[in-house]
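Student: Per the working numbering, the sequence shown starts with residue 98, numbered consecutively.
Any given hint could be a false lead.
Said to hold, decoys possible - As a list, the in silico EDC-like pairs of lysine to aspartate or glutamate whose alpha-carbon atoms are at most 20 Å apart:
1. Lys107 / Asp127
2. Lys102 / Glu121
3. Lys167 / Glu153
4. Lys116 / Glu105
5. Lys102 / Asp127
Hints are computed from structural coordinates only; laboratory data are not their basis.
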Amino acid sequence: MTTLKLSEAKAHLGSYARKAANGESFVIADRNRPIAMLTPYPNEQLGIKPALGLMEGMASIPEDFDASLKDFEDVFYAG
């Protein structure tokens, strides 16, 4: 993914928007800090489909996710 300076993105937005429509993605940064993304619009009418499973395996939910938080409950319901 290409990172663009904010001033560059402003000056050539039309060009980058056309590239995004063709499948490219861009990060827009202000003073080297990412502030926005320019990505293709996932519209089947435009011939672009969302990439399902793109982040598969990058997150997990622990087995005890919904287990009681005894310490929290003791403090929260105390009194």
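Student: Look at each hint and say if it fits the structure.
Tutor: To see whether the hints hold, each was checked on the structure:
With a CA separation close to 11 Å, the supplied pair Lys107 and Asp127 stays within the 20 Å bound. Pair hint Lys102 plus Glu121 holds up; C-alpha atoms about 16 Å apart against a cutoff of 20 Å. With a CA separation close to 32 Å, the supplied pair Lys167 and Glu153 exceeds the 20 Å bound. With a CA separation close to 14 Å, the supplied pair Lys116 and Glu105 stays within the 20 Å bound.
A threshold of 20 Å between alpha carbons decides the hint, and for Lys102 with Asp127 the separation of about 6 Å falls inside it, so the pair holds.
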